[in-house]
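Below are the chains, spelled out letter by letter.
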Amino acid sequence: MKAVHEIPVRDAWKTDRAAYDVTKIREDFPILKRKVHGKPLVYLDNAATTQKPMLVVDTLHAYYTAENSNVHRGIHFLSEQATTAYEGARAKAKGFLDASDTREIVFVRGTTEAINLVAQSYGRAFIKQGDEIIISAMEHHSNIVPWQILCEQVGAMLRVIPINHDGELLMNEFERLLNEKTKFVSVAHVSNALGTVNPVKEIVQMSHRLGVPVLLDGAQAAPHMKVDVQELDCDFYAFSGHKVYGPTGIGILYGKARLLEAMPPYQGGGDMISLVTFEKTHYNELPYKFEAGTPHIAGVIGLGAAIDYVNAIGMAGISAHERELLAYATGELSPIAGLRIIGTAREKAGVLSFVLEGVHPHDIGTVVDREGVAIRAGHHCAMPVMQRFGVPATARVSFGLYNTKEEVDGLVKAIHKVIQVFG
Amino acid sequence: MSDISELYQEVILDHNKSPRNFRKLEDANRKADGYNPLCGDQITVYLKMEDGVIKEVAFQGSGCAISKASASMMTASVKGKTEIEAEQMFDEVHKMLTGELNPKAGLEKMGKLAALSGVCNFPARVKCASLSWHTLRAALKGEQGLASTE
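In the order they appear, the protein sequences are chains A and B.
If you're matching positions, the first sequence starts at 41 in my numbering and goes up one per residue.
If you're matching positions, the second sequence starts at 268 in my numbering and goes up one per residue.
Accuracy of the hints is not assured; some may be wrong.
[Said to hold, decoys possible] Per label pair, the in silico range of CB-to-CB distance:
#: 1; chain 1: B; residue 1: D281; chain 2: A; residue 2: T334; range: 56 to 62 Å
#: 2; chain 1: A; residue 1: P375; chain 2: B; residue 2: K408; range: 48 to 54 Å
#: 3; chain 1: B; residue 1: D281; chain 2: A; residue 2: A377; range: 20 to 26 Å
#: 4; chain 1: A; residue 1: Q193; chain 2: B; residue 2: E367; range: 44 to 50 Å
[What the hints assert, rightly or not] Only pairs whose alpha carbons sit at most 30 Å apart, straight line, appear in this in silico DSBU-like list of lysine-lysine:
#: 5; chain 1: B; residue 1: K376; chain 2: B; residue 2: K298
#: 6; chain 1: A; residue 1: K296; chain 2: A; residue 2: K320
#: 7; chain 1: A; residue 1: K457; chain 2: B; residue 2: K284
#: 8; chain 1: A; residue 1: K266; chain 2: A; residue 2: K64
#: 9; chain 1: B; residue 1: K379; chain 2: A; residue 2: K457
#: 10; chain 1: A; residue 1: K64; chain 2: A; residue 2: K75
#: 11; chain 1: A; residue 1: K73; chain 2: A; residue 2: K266
#: 12; chain 1: B; residue 1: K348; chain 2: B; residue 2: K379
#: 13; chain 1: B; residue 1: K284; chain 2: A; residue 2: K453
[To be verified] Chain A is faced by these chain B residues, among others (derived, beta-carbon under 7 Å):
#: 14; residue: I271
#: 15; residue: Y275
#: 16; residue: C306
#: 17; residue: G307
#: 18; residue: S329
#: 19; residue: C331
#: 20; residue: A332
What the hints contain is simulated information worked out from the structure, not anything from laboratory work.
Every residue, glycine too, gets a C-beta built ideally from N, C-alpha and C.
Input sequences plus hints: build the corresponding full structure.
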């Protein structure tokens, strides 16, 4: 079969990336040249969503202009092309997570849907009244609410690993919570509100000693570090495409084949069946059993392109670059009078949350926005974390592979403007 | 493009720093809680009503400068007003915040509340400014539960 992309995709991104050249990288993201409120855009809201490189934009354009067709059903040329591209992206996702088999890669809308899928499919089949599910005090609402819904449905109990004042999990408390009633553990790999990198390998090992499966919410980890699901030995791993420079509306659920096979379907419909009669329906094999209906084909192919892009730059380089930015920003922000960093774990990635004495984070957000600086202000869908630190909200800066130290300087300048307005 | 000082006018910064009627009203006979789920602003509005007139009004809560100043200015402006007058003010404020008010004649009528007129150029902040008014309305109607800007 011919190469999938018949429209030439610009290949600036393919040029030598041996050295991390952030200036060159920024050229792949035309949006970064935009001005907002007459100032150059400083985009520091990457934990909410990342910008898309031209490779992704061009891939979506090429798909819709030259290849658009449904997958897994047509016997015509275009459908075969679309199917090849779609399944090609699954292979890329398998490589991205170091999974052992493409059958373990399920396309979903995003991390939220992935967790809901596991809660409803695995949870309703294998978690019973009186059982316990463990999450942590730093979870995003999407890793709290699906388990609360399940608990109400089956009569299970939710247990929460507390955190210390630096925003680190209390592992001895986790050990205490683990018991023979524990039937599932679901924790964030990296906290979206605090930036904490959790000791997930240890969590998996401790849980497995009791035969308890573990889901890792990788929404804030996958963009920043190499994820190897086999090395982590987690049972499920979830992340969102739009936070790794791909389109919105597409994400990945990795699950160990053994578990996915034992789980009932999450949704019924086309593509997830092998034979339907009114008496009985036979479900399709993995991963299609969990992909009912026409999927987000363009999104899947676009995510494949995003993975290509990240691979071309290299995750090691991205991690090192972002670590440097985080350290630099922490150093620049810490001395500002009245500024308190929320989340001071030893291991952090991508996120810097802070509050400013006497100024609500919302007002910080509005003032810095007028300086062209885009940050997030609010509870970050992690209201229990806000309660833990006794703040209604925080201002959150989050980095992507294209950010620069000059942008951090721009942020610092904008924060001084906030202080000037509210001083 | 509107300047940041148009939003954070002196009057607003002043009400934010020293909010008026910022307390619990012990002898309130109406009360409502308001919540903006988007940003987590929380407010409780207390009313003491007598013969359809707002005799006393106070508020408590946490929120940004805009929501706090708006609540403070609201209490100052609705005290002594009848229920119907307060309802009319709600409508006018709502129009002002969404930029539907005649910039001259309309704004003049708003008196001190006109300081909040800059909010209409900051769409993300309209709900911050309207939360206290939604909560006031809920309290006037004696509604149970949580008032919301949604």
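Satisfaction of the A332 of chain B interface hint, Cβ to chain A closer than 7 Å: This interface hint holds because 5 Å falls under the 7 Å limit.
Hint validity - Y275 of chain B Cβ closer than 7 Å to any chain A Cβ: Check passed: Cβ of Y275 of chain B comes within 5 Å of chain A, closer than 7 Å.
Pairwise hint evaluation, K284 of chain B against K457 of chain A, where the allowed Cα distance is 30 Å at most: OK: K457 of chain A and K284 of chain B at ~18 Å, within 30 Å.
Pair hint K376 of chain B and K298 of chain B, alpha-carbon separation not exceeding 30 Å: Distance ~28 Å between K376 of chain B and K298 of chain B Cα, so the pair holds.
C-beta pair D281 of chain B, T334 of chain A: status relative to the range 56 to 62 Å that was hinted: Check passed, 57 Å falls within 56 to 62 Å.
Proposed proximity, K320 of chain A with K296 of chain A (alpha carbon, max 30 Å): Cα-Cα ~27 Å, so holds.
Hint consistency between K284 of chain B and K453 of chain A [alpha-carbon to alpha-carbon, up to 30 Å]: holds, 24 Å
Given hint C306 of chain B near chain A, where the shortest CB pair must fall under 7 Å: The hint holds - C306 of chain B has a Cβ within 7 Å of chain A, the shortest such distance being about 5 Å.
Minimum beta-carbon distance criterion (7 Å), S329 of chain B to chain A: Holds. Min distance 5 Å.
Hint consistency between K379 of chain B and K457 of chain A [alpha-carbon to alpha-carbon, up to 30 Å]: It holds: about 26 Å lies between the C-alpha atoms, which stays within 30 Å.
Distance restraint between K73 of chain A and K266 of chain A, which requires alpha-carbon spacing of 30 Å or less: Roughly 29 Å between the alpha carbons, so the hint for K73 of chain A and K266 of chain A holds.
Hint consistency between K348 of chain B and K379 of chain B [alpha-carbon to alpha-carbon, up to 30 Å]: holds, 15 Å
In this structure, none of the earlier numbered hints is contradicted; all agree with it.
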